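The sequence shown begins at 1 in the numbering used here and counts up one residue at a time.
One should not assume that every hint holds.
[Unchecked claim] Derived BS3-like pairs (lysine-lysine); straight-line CA-CA distance at most 25 Å: (1) Lys-30 - Lys-45; (2) Lys-40 - Lys-30; (3) Lys-5 - Lys-34.
[What the hints assert, rightly or not] Each pair of labels, with its calculated beta carbon distance range: (4) Ser-41 - Met-68: 38 to 44 Å; (5) Lys-40 - Met-68: 36 to 42 Å; (6) Ile-72 - Ser-41: 15 to 21 Å; (7) Asp-23 - Ile-72: 30 to 36 Å; (8) Leu-47 - Asp-73: 34 to 40 Å; (9) Asp-15 - Leu-69: 31 to 37 Å; (10) Glu-3 - Asp-66: 18 to 24 Å; (11) Ile-11 - Glu-67: 34 to 40 Å; (12) Thr-17 - Arg-46: 25 to 31 Å.
Honestly, the hints are just simulated from the structure, not real lab data. Because the structure is a prediction, the values reported are computed rather than measured. Here a beta-carbon is modelled for each residue, glycine too, at the ideal position from N, C-alpha and C.
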Amino acid sequence: MREGKNMTFNINNMDYTVNIGADKNGILEKELRKLLPAGKSIDTKRLLSAYMHQTLVVLQYKQKIDEMLDKIDA
């Protein structure tokens, strides 16, 4: 059995339980619940929108990190 925290999402009226791993201080769950609330059916459009939003956030952080690394290397 995998260790870590399980979260259940209702997508298009079907429940999906996924293991999100070790969620120190509940940070990941808190961030996921901002975009995908518990106890509410999420449609495919909203799920895709949440995915795209989080992908954009990651890319922005990556760009900032790359810029900092470029300054260090200079």
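For each hint, the structure was consulted:
As the CA atoms of Lys-30 and Lys-45 are separated by approximately 21 Å, the hinted pair is consistent with the 25 Å bound. Restraint check: the Cα-Cα separation between Lys-40 and Lys-30 comes to about 15 Å, which is no more than 25 Å; the hinted pair holds. A C-alpha spacing of about 17 Å is found between Lys-5 and Lys-34, which places the hinted pair at or below 25 Å, so the restraint holds. Between Ser-41 and Met-68, the C-beta spacing of about 41 Å keeps the proposed range 38 to 44 Å intact.
The given range of 36 to 42 Å is respected by Lys-40 and Met-68, whose C-beta atoms sit roughly 38 Å from each other. Taking the beta carbon of each, Ile-72 and Ser-41 are about 47 Å apart, not inside 15 to 21 Å as hinted. Hint check: Asp-23 to Ile-72, Cβ distance near 31 Å, so the stated range 30 to 36 Å holds. For Leu-47 paired with Asp-73, a C-beta distance near 39 Å keeps the hint of 34 to 40 Å intact.
For Asp-15 and Leu-69, the Cβ-Cβ distance of about 42 Å falls outside the hinted range of 31 to 37 Å, so the restraint is violated. At about 33 Å, the CB distance of Glu-3 to Asp-66 disagrees with the hint of 18 to 24 Å. Ile-11 and Glu-67 have their C-beta atoms about 36 Å apart, which keeps the hinted 34 to 40 Å range intact. The supplied range of 25 to 31 Å is broken by Thr-17 and Arg-46, whose beta-carbon atoms lie about 19 Å from each other.
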